[in-house]
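S.K.: Line by line, the protein sequences give chains A, B, C and D.
In this text, residue positions in the first sequence follow the working numbering: the first is 1, and each later residue adds one.
In this text, residue positions in the second sequence follow the working numbering: the first is 1, and each later residue adds one.
In this text, residue positions in the third sequence follow the working numbering: the first is 1, and each later residue adds one.
In this text, residue positions in the fourth sequence follow the working numbering: the first is 1, and each later residue adds one.
One or more hints might be untrue.
If several chains are the same, the list does not tell them apart, and a pair holds so long as it fits within one copy or across any two.
Unchecked claim - As a list, the in silico DSS-like pairs of lysine-lysine whose alpha-carbon atoms are at most 27 Å apart:
#1 K273 with K105
#2 K273 with K420
#3 K273 with K286
#4 K306 with K393
#5 K362 with K191
#6 K218 with K167
#7 K45 with K79
#8 K218 with K393
#9 K98 with K45
#10 K362 with K98
#11 K98 with K420
#12 K420 with K218
#13 K79 with K105
#14 K286 with K306
#15 K166 with K191
#16 K45 with K393
#17 K167 with K79
#18 K420 with K439
Quick caveat, the hints were computed from the structure, so don't treat them as lab data.
There are 4 protein chains.
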Amino acid sequence: MKTGLKIVTIGGGSSYSPELIEGFIKRSETLPVRELWLVDIEAGKEKLDIITDLAKRMVRRVNANIEIHSTLNRREALKNADFVTTQFRVGQLDARKKDEIIPAKYGILGQETNGPGGMFKALRTIPVLIDIIHDCQELCPDAWIISFTNPAGLNAEAVLRYTGWKKFIGLCNSPTVIVHRIGRLMNLDPKQLRVDFAGLNHMVFGLHTYYQGQDISKQVIDALAAYNDGKTYEERFDTLPYTPAFLHELNCIPSPYLRYYFYKDIMLQHAIKEAENGCCRAQVVKRIEQELFANYADPALDVKPKELEQRGGAYYSDAACSLIDSIYNDRGDIQVVNTLNNGGCASFAADEVVEISSVITKEGPRPITVGRLPDQVEGLCRHIKSFEKLTAKAAIEGNRETALFALTMNPLVQDEALAKALLEELMEAHREYLPQFYK
Amino acid sequence: MKTGLKIVTIGGGSSYSPELIEGFIKRSETLPVRELWLVDIEAGKEKLDIITDLAKRMVRRVNANIEIHSTLNRREALKNADFVTTQFRVGQLDARKKDEIIPAKYGILGQETNGPGGMFKALRTIPVLIDIIHDCQELCPDAWIISFTNPAGLNAEAVLRYTGWKKFIGLCNSPTVIVHRIGRLMNLDPKQLRVDFAGLNHMVFGLHTYYQGQDISKQVIDALAAYNDGKTYEERFDTLPYTPAFLHELNCIPSPYLRYYFYKDIMLQHAIKEAENGCCRAQVVKRIEQELFANYADPALDVKPKELEQRGGAYYSDAACSLIDSIYNDRGDIQVVNTLNNGGCASFAADEVVEISSVITKEGPRPITVGRLPDQVEGLCRHIKSFEKLTAKAAIEGNRETALFALTMNPLVQDEALAKALLEELMEAHREYLPQFYK
Amino acid sequence: MKTGLKIVTIGGGSSYSPELIEGFIKRSETLPVRELWLVDIEAGKEKLDIITDLAKRMVRRVNANIEIHSTLNRREALKNADFVTTQFRVGQLDARKKDEIIPAKYGILGQETNGPGGMFKALRTIPVLIDIIHDCQELCPDAWIISFTNPAGLNAEAVLRYTGWKKFIGLCNSPTVIVHRIGRLMNLDPKQLRVDFAGLNHMVFGLHTYYQGQDISKQVIDALAAYNDGKTYEERFDTLPYTPAFLHELNCIPSPYLRYYFYKDIMLQHAIKEAENGCCRAQVVKRIEQELFANYADPALDVKPKELEQRGGAYYSDAACSLIDSIYNDRGDIQVVNTLNNGGCASFAADEVVEISSVITKEGPRPITVGRLPDQVEGLCRHIKSFEKLTAKAAIEGNRETALFALTMNPLVQDEALAKALLEELMEAHREYLPQFYK
Amino acid sequence: MKTGLKIVTIGGGSSYSPELIEGFIKRSETLPVRELWLVDIEAGKEKLDIITDLAKRMVRRVNANIEIHSTLNRREALKNADFVTTQFRVGQLDARKKDEIIPAKYGILGQETNGPGGMFKALRTIPVLIDIIHDCQELCPDAWIISFTNPAGLNAEAVLRYTGWKKFIGLCNSPTVIVHRIGRLMNLDPKQLRVDFAGLNHMVFGLHTYYQGQDISKQVIDALAAYNDGKTYEERFDTLPYTPAFLHELNCIPSPYLRYYFYKDIMLQHAIKEAENGCCRAQVVKRIEQELFANYADPALDVKPKELEQRGGAYYSDAACSLIDSIYNDRGDIQVVNTLNNGGCASFAADEVVEISSVITKEGPRPITVGRLPDQVEGLCRHIKSFEKLTAKAAIEGNRETALFALTMNPLVQDEALAKALLEELMEAHREYLPQFYK
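Between the sequences and the hints, there should be enough to build the whole structure, so can you do that?
M.R.: In structure tokens, the structure reads:
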């Protein structure tokens, strides 16, 4: 008889894993994880081993009843899994670096989610996801897949549109980050804030904010605007980096990623400078990761190190644990996930994937109804959704012309000749990870 | 400083009230009701007094910190109320009796919710609700109104379409009753069943049933069909009174009220016989109520008497307490309420009131997304929704021609001449409660 | 090289055919019909021969360059056809008689289109239509099929939902009849009236009426109401048989068939009396047809006889000629047809068949946008549409349980036990024409 | 008694007017124009006089029964008008020059319709349109307003959303130009081509092309791609300036204006070079106009000069005459206009203005149903529609912050700081024409 849950984490060697492990340990009273399988590929073996050892120390420290397994054999791990989380990064940070630096050469923002960089991340990731799903169909057909591999929304669009697999949820920490920023700003407990989110991954909007049942949306905008007033872009960065005038007209809470589409020039200058100085995000993250892994390898360490939060993935793995917990325990709480819209937000078709406040039960996520996005952002979101759908199609079909069109139509590109040159260089750079285009 | 909730119950003299009081007592740890105001009209004073005394004994028995107030002055009660529940019955059971007996004379089902009877109940009720809302706008503008006065959906349609008041929820016990019947049938704890409900009040459908995250919809239909197999209509009545073939084709869980539209002839024969024998539902309920109030008046009684459940309103007041509790405590659980659709069910417009599974937070109910109703019932539900909208319009405007049209188009009537005769007799019978038509 | 059109008329022995032939003759300047193939089955051979001879005399009289062919071999006829019209009646008038008389025994209206009678007509007709389409796919894949076999909307729903054939149009004369009645009533040339029609076959509504660009909708309703004022149902029959109050509340122009759903009792009394007296519509038509065919057989007759208009199909065949003419000549005029909604009327889904004002070009019909039906009729139309969809499903699948459900949910039935008895008797009565149910 | 039509042309001194006059003369058999009132403002008096004299000579030459009136008094002209056309240009070509040159300084395309230039054209134009409508409400409440003042779609959005005036049609020649290009390319008579257009003004798409009822969409794309194959952007310009790969992926016929969003860089380089060389479009047009007016002033000229077609407005005024003719004569032909969507194109809400194939009758335009735009362009169109709606709002309310947001969100801008600088310079440059922002 089954006595606990089997969790499989694909990309187990990720620097995020300690938060995930901590998350399961924290919840051990209510979430009976018995086996955690960390899976990675040959190239990630060294990191996987470090993480595995750390995980074992963390478990041992609190005497938790969780077996830690480590394997390069994904299929062995998936057998009878209850939940599968994915946090792998095809081509690792070197690939991300290319996603950022190559577009910058063309005067274009790479933008890991919705821009050219995100597009190539999707083209590399989707074929692997499809393979994982084929394995799951055979080995663990009742498992839920919680995917926080970016671009979380685009990947979910591809999986839910082109495979028959329904138990797939795309997850991102940015709504949680936004709520925490609002809480800090308003000096309110984020647990007592409820924000109605809708939109797309990295293009999500807090349409209304409630505190103890009161609609405090206007106060939040006002506070955010007042806080940012008179500050430069850099000074605003710790909240949400928008001017008071912009926030007032927007009239809802933006994702921090909106800056790529409304502050494009300043973002581009940053990106170009970072590329020149060898400090693009991938490079920064790489250095942080090196330090983190040095840290993780310390045999004395048996807790999640504080430094991990600096990594930018704060709340990420915790969000995954929380989602698993709500599904397993049928909590019926509201979390923000990437799932089929089905009428939740009137700006999208029923069969399109959106990032939306959803009630999470044992049956999975169900969007709650939030109405239509305001004109201020509906158009941009629809633009990105079209881009996502064409990218998903190109990724599945391995059709280079469709990929070129998707890149051309991206609001950060908008020029076919430029797109073509950029596409070719990115394709070539990522060739080993794009088998569907090089058949 | 405020230290507890003020609840106002309009129609406080109702036989349902002891369940409501019991509900508040049961929840006293988490729901700090400090004042319960029972409001009624002069004609209901005797019952109100009996209920008030019983309520005081019930509270005293458990030493609960709830003040019981009793008044005929609604405005005094409403001042600074936190929650207002309505369970009044304009014209009391005598009016209901007319709603049932008069149509039967014409060979037509009265049908308290969606039929001619329900229509006249709405015509009598809506003007009173509008008055209450005017009072609330002045005296307790932040209060939630939880209305379980029938027809719950039609009344909500009128309030939400024709007044600016948003914090209004129509409530019915029938989804809860259905879940309990399924639980009993399947030998499963109803608390562990989740049923996706959508449709209209008394025309609501359980589209999917989940038990511990598994979709057991088919098993439920099969079990229901097997249980009903070979039984007569009367023998089937304790579950849901439909034949196996019907249930299999319907392929979702019907409301018991569906029988008026799919078993019309047998229902009509019953109704006519009941009318002749003086045992129409109103008369039965009247007798039960007389016994109940005799019981309530017993100074030794200080709990909710068992007999109340027989009354047909089991779970009714408890549903109201549960809803108040979830709003006050921001529980975020899923309850079935009558509220604006807003995309929840694709068969209805965003601005139409539906009865639908909704997540209940401090902000009120929010429908979850359930997709489209099946063809088997979408058409009938849309038919009834049109009837509801025209009836609401007639009730607000006091337009007799619109009322005639609404009655004619009702699927239980469908004949203008008949509708006209019936309308005139019902109008005259209820004249004192229909001031908007006799200006 | 092709020098003219080949038209195939399935059910060529129909009494309507002379109007069709006259229609082609009238249009010979612009519509170059070179071959008209009249197709029928063995049982209809006698009538077919009479029609064929009459057709030849009509053609000869005006020296038209149209070859008349007559055959029992449908496949021979269909080869390379340009247009196929269907006006066959499976089981002929004897079957219709059963559709009318059997329901009347149960106290139910047969109602040839939307009621039980119409349902059985659909169950008999749809398999034959599917066969014809299979033949057309092979023999004349570019042909348009213009079907005026009733129930025109339900048949079109079945064909367009369950086959891949797109060039299929359901056609009914009732919108034309309505426009002529309005014209007569208002003393205006019907050709100068434009009425926006939307709804379903035999449940179609004139939402707005324009005369020379002026919206005269209100005047039309007023005139109709004034004309009908003080008249009995029978006296109103030559216009549209509704009372002034009804018309004012309806606020759009109803189809005459609406009476079955808003004047049900009077219609039922008529039907029962007609059944008893042997003068149900099928019997009346049968007598008219006998006279007509006696007439048609007269070797001296070489024009369409006046008596045909009495038959109730006035404008029917002319509508078909007109539709063919507009397609062939790319006229782009507006005609009312049964076709996919595609956004034309907001009350229906894009993939549902509606009867709607459409612009007719060489590409076929395209609905024009008319917005939403009023609440007065939207619900009923949606109810009937659900009935149509289930009936089409039952007809295609030969599923008796689905047929029973469809019959039960019909607003003229609403009782399962009654529906079951009625279904069984009708099934048995039409058994030879329902092979899909007796496999 | 009225014996002919009174037409008022606001902006009568436009160089387009001779085509309009020719259009009326050509149609004199069917379109009984009796009075043509050319209205302009003081600043345009010289041109108005030249046009008036030419118009009189043109009319005299063919002995047409059309009175030519010329006035600076708009209200005098509007009295009892049947049709009002607008072709005025607030601030004339000098303003357009600023719309083009100022953005170019910021590295941004001005883009007269959907870009910053178009936005300022709308901000200048909409207040004047509102004034005209106020006059029409008083002086000619039954008149149709045919507006070909750019941006035609955005202006229509403002009028139809913010005024009660319904008889307003925005008109653009680009669909006609596209059809002519296809005709030339395919060597087919454009009159025999039918293209289903949908989208927005200057962002319209030919979804399907039919020739004699055959869907030749694929052949058109193939022919266009083959023609453009191997050509440079400049060489492709006489057809539609897109590459074969782009056209194949787009899979519908694009507007030439799409190049601003898919060929942005090349367009921007052109714009910057033109600005530097003093040959931006406004300057080119200005020179053409000077030559045209020199020409028009020639007392010997009494026909529309050939040179006018070079102006870029070919088919423009003819489209207006054709629209007037179809309304007046109730032709029911299909023309492409800017009007309320009402279900015509599934990518837009019912109450949004779209540019769409519509059947034109005496009642005005009615969209035909074309379904959903493909993903390739739906997102961009929705993006621009949001921009249009915010711009219309800013224009009506005179709200500078909303204007800033609209400019920032435009896909050609996407940067708030840049938008702010650009907005300020454009506001200042156009100050005299933006009274609503300088109250």
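S.K.: The structure should be examined with respect to each hint, and the outcome stated for every one.
M.R.: Cross-check of the supplied hints:
1. Taking identical chains as interchangeable, the C-alpha atoms of K273 and K105 lie at most 27 Å apart whether they share a chain (11 Å) or sit on different chains (23 Å).
2. When the C-alpha separation of K273 and K420 is checked against a cutoff of 27 Å, the pair qualifies both within a copy, at 24 Å, and between copies, at 24 Å.
3. When the C-alpha separation of K273 and K286 is checked against a cutoff of 27 Å, the pair qualifies only within one copy, where the shortest distance is 18 Å, while the shortest distance between copies is 43 Å.
4. In this assembly of identical chains, K306 and K393 lie within 27 Å of each other by CA distance neither inside one copy nor across copies; the values are 40 Å within and 49 Å between.
5. Taking the shortest Cα distances, K362 and K191 sit within 27 Å of each other both inside one copy (22 Å) and across copies (13 Å).
6. Taking identical chains as interchangeable, the C-alpha atoms of K218 and K167 lie at most 27 Å apart only when they sit on different chains, with a minimum of 20 Å there against 37 Å within one chain.
7. For the homomeric pair K45 and K79, the shortest alpha-carbon distance inside one copy (21 Å) is at most 27 Å, but the shortest distance between copies (69 Å) is not.
8. In this assembly of identical chains, K218 and K393 lie within 27 Å of each other by CA distance solely across copies; the values are 21 Å between and 40 Å within a copy.
9. Proximity of K98 to K45 under the C-alpha cut-off of 27 Å is restricted to the intra-copy arrangement: shortest distance 23 Å within a copy versus 62 Å between copies.
10. Taking identical chains as interchangeable, the C-alpha atoms of K362 and K98 are never at most 27 Å apart, the minima being 40 Å within one chain and 47 Å between chains.
11. In this assembly of identical chains, the alpha carbons of K98 and K420 lie at most 27 Å apart only when taken from the same copy (16 Å versus 33 Å across copies).
12. With identical chains, the CA atoms of K420 and K218 are at most 27 Å apart between copies only, with a shortest distance of 24 Å across copies and 44 Å within one.
13. Taking the shortest Cα distances, K79 and K105 never come within 27 Å of each other, neither inside one copy (45 Å) nor across copies (62 Å).
14. Taking the shortest Cα distances, K286 and K306 sit within 27 Å of each other inside one copy (17 Å), while across copies they are farther apart (67 Å).
15. In this assembly of identical chains, K166 and K191 lie within 27 Å of each other by CA distance solely across copies; the values are 26 Å between and 30 Å within a copy.
16. When the C-alpha separation of K45 and K393 is checked against a cutoff of 27 Å, the pair qualifies neither within a copy, at 32 Å, nor between copies, at 57 Å.
17. Taking identical chains as interchangeable, the C-alpha atoms of K167 and K79 lie at most 27 Å apart only when both belong to the same chain, with a minimum of 16 Å there against 50 Å between chains.
18. Proximity of K420 and K439 under a CA criterion of 27 Å is satisfied intra-copy only: 20 Å inside one chain copy versus 48 Å between copies.
Figure legend: structure checked against the earlier numbered hints; hints not met, in rising order: 4, 10, 13 and 16.
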